[in-house]
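Student: These are the residues of each chain, in order.
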Amino acid sequence: MIYFRGCVIRDKLTEIDNATIKILESASIDYKILPNEKCCGSFLMRTGFYDDAIELMKSNLDIFKHEKILVSCAGCYRTLKKDYKDLFGIELDVIHSSEFFQELIESKKLKLNKTSKTITYHDPCHLGRHSNQYNAPRFIIRQLGNLVEMEKNRENARCCGSGGGVRSAYPKVSEEIASMRIDDAKKSNAEIMCTACSFCILNLNSACKKGEKVFDLSEIILMGLKDE
Amino acid sequence: MNKSQLNTMQKSFELMDKRRKSLLDNKKTKELIERVKNIRKDSINNLPKLIKTAKKRLKENGIDVRYAETADDALNIINDIIGDNKVIGKSKSNTIAEIGLADYLKSKEVELIETDLGDRIVQLNPGSNRSSHPIGPALHLNIERIAEIVSENLGITINPEPREILDILKSNVLEELSQCSIGITGSNSVAAEDGSVVIVHNEGNVSLVSMMDTHIVLVGIDKLVHTIEEAISVVKVETMYATGTRVPSYINVISGPSKTADIEKRLIEDMYGAKKVVVILLDNGRSKALKECLWCIGCGSCIVSCPVYNAVGYEFGYRGYLGGRGVAFSKFIKDVKASYQSGLFCCTLCGLCSLECPVSTPTNEIIEKLRKESVESGIYNKKHLKIANNIKNNGSPFDN
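Heads up: the protein sequence lines correspond to chains A and B, in order. Residue 228 in my numbering sits at position 228 of the first sequence, and the numbers go up by one each step. In my numbering, each residue's number is its place in the second sequence (first place is 1) plus 1000.
Hint data in this document are derived by calculation from the structure and do not stem from the laboratory. In this text, a Cβ means the ideal position worked out from N, Cα and C, and glycines have one as well. Fair warning: there could be bad hints in the mix.
As the list claims (entries may be wrong) - Rough simulated footprint, nothing fancy, chain A against chain B, three-plus residues with beta-carbon under 8 Å:
#1 1135-1142
#2 1309-1316
#3 1386-1399
The following block holds chain B by itself, in its conformation from the complex:
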């Protein structure tokens, strides 16, 4: 990220931090955070059982459930569902970014339409398609740059004025969506016992995408909890930490395809919503991950205070998984090389992220463990090796 982008991002972070302060200091919020902490820990402790239950209950609700061991498995499943379709609508999802769907579909000449405003701006950005925050992907771009990006892409001159940018992108996305019959989303939390997926959004775009003929939900198995009540608690906390608002405009709970029983109580499918809902449960290394690395609820609070993230931006992270926890996570969903390249040895281990994390993810401890494994596997920082040798030979890190 360049200096101007970092400045814009830091200012956005400061604003967000101030906005959410009184909400997070509230006694009731604190009680909710405590509950969510327990929900997440308990869910991850019982993950194999929850996966089993989720598969069963989602199926009972008329949802097509697939299990993807790897990112490639998920891509193949999606490819099969897409068939001959050439345009797919999409809402914001780190899991979709994780499997590299955008590049995959490009290679198949299928167009992926980002419906989230921030994502759409980032998608159109010729410099880099990377997001700077899981909930606010374009926080690093100032309004002048956004107007430029949109103007260049749509071939019309747009003023750096929020309403104007929003209107033009909205009609552009709606036009593209009119050709789609398949929509793909992630999910913020999945209630295994109820067989429901919960998706949070403010723009209303998830509702549009999930109302297509086929709605594909790609979700990591780490997002499982027991019940809808638990899932709602999780997404409320996620929203508070991510945006500073008590609730998002929309919390969609999807528990099956569209249906009606209004004629003689006979169950008929395919009313207004999706004819087909497919939930792809993605493992991709999660079942072998350190448990504490799976507590995350995806709010992005950790990067707001992270000194390294504030200094370098999304280069400290892996795809949409940003900051130290993202770096650690990449070891499990990709490999040790990916975590090295995304900054395994660039974390100062300061512990600020754990303090800001609603579920107290001990990222510095996780990273220390992963560094040990990384060094054991022969992947280390060369300067660190030199210093380590100095310490061994002279008892001091410095050259004699």
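Next comes chain A alone, as it looks inside the complex:
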């Protein structure tokens, strides 16, 4: 199995990469990380650089098509699951970390301590509305604490504001939207906000006040593991 970290985690959010690796190792999972891991192609696809996207995706495809691929980022997930299939007719064996962690918990390879902490979950657009994956993250959260929903959740979840290249082209718009989502989370009164997409985390964190942080599922799992 390849653990495909994705460009944001690889270059900006290494704590997610570290947390995921610790979880994989504590569950004794065999995995490999590509020495020359590139980009999944999502950014190029979403921003109109179609030919470049195809070229990149084709080069990835040679490696991807024979392996199971674990991804942490919702953007990578949607792209590998849907775009590669739409464009090349090849169904990749891709799994999002939330699903994978759920499997590890269910097969007792991961043991977590439940706390009384209240945790809210932000559905990334690419994992939720685009890929119809809503349950695994919530399953994991319930193993770790008490799930509290924001008013707009699951398919109705407000976008974090970073997708489609908006964060790079219109950073102020992205941050404005992120702060609306942070407000949604505050209204839920949860102590912890987590999500399952590196783009969401990067963008939501930019709207957080000092000392506040939005976590990836892998990071909160690690908190649960630590208590063992």
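Dock chain B against chain A, hints included.
Tutor: Chain B alone, transformed into the frame defined by chain A:
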């Protein structure tokens, strides 16, 4: 839009969203929505045939039918009809905004009187004449600001009190209308086989405007459906999504000029209503547009949940066509530059609008397609190009 306008708009949106929730969750409503989805898809699939039928049947009903290939064609047709008239009454219409009639008539020194209350307020607003919602144009202005705008324009002090504002604007509009003999409206849906245009309103203003000597209806060819029954279904769903009410106060079905046959069954025209009804069918790029971009019924539901629209307001849109779908539509009714400027690369592609859309317009997919075409034609975001080059050269979007 400024911060205070955005706040007012967001609050109005929240209120509207809550108001319509139980209505939209209703089983019968859901069945109607499904029907309307099929009606719209089928109509757009059969557009050339429907245009032919509409031309024929509208003519048979005594309506003067014109076909405008472009916005300029439509303006010329309207100019011919107007002749020497100097004041024209108007009801709310995105299609009229699309062709830029207000500016055109201004250049000809013809006054256009907005009769819809929200439109009239926005028309009087010196800051910007842009609307923030297709059905509620002034949703972004709070009552204090509205009172200021009206006071400044009419030269009298008006209190920030709804009834007072309404009364003063009503008498102002009625006074202006008394000089009009031509009225122009849009249409929410056109029944091709029946040769009828259907117009929805709550204020009664469309009835006033359509009762003038000449009633001009400017309507995009995308508004065609087969029958009046279909058109009514479409406007019912539009109303539910737009306002949260089951039906509007008025649904006008206009199928010809005013006439009577009460004397010896002889047909005599020109009784109480319009002597002349002119329907201008506007193409303006629609026949070359992506089909799914034409399903829209104009309810404005998409912008209520749109994260970008909530953050920036009407700058994310083209004229009256707001939000991502409006941006996409501008590529067809104007050009790729217009769509770039109205926010082609400002959509997060989140998909919330499609979820809230009664006809499930796949706006994020449309926008992705249009971005591809835009980049191919050399119009892209500079920051995106830099990142794309980084990905190509280093396999990562970030600078080394």
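Student: Look at each hint and say if it fits the structure.
Tutor: Outcome of the hint check:
{"no.": "1", "hint": "1135-1142", "result": "violated (count 0)"}
{"no.": "2", "hint": "1309-1316", "result": "holds (count 3)"}
{"no.": "3", "hint": "1386-1399", "result": "holds (count 8)"}
In the structure shown, a violation is registered for the earlier hint numbered 1 alone.
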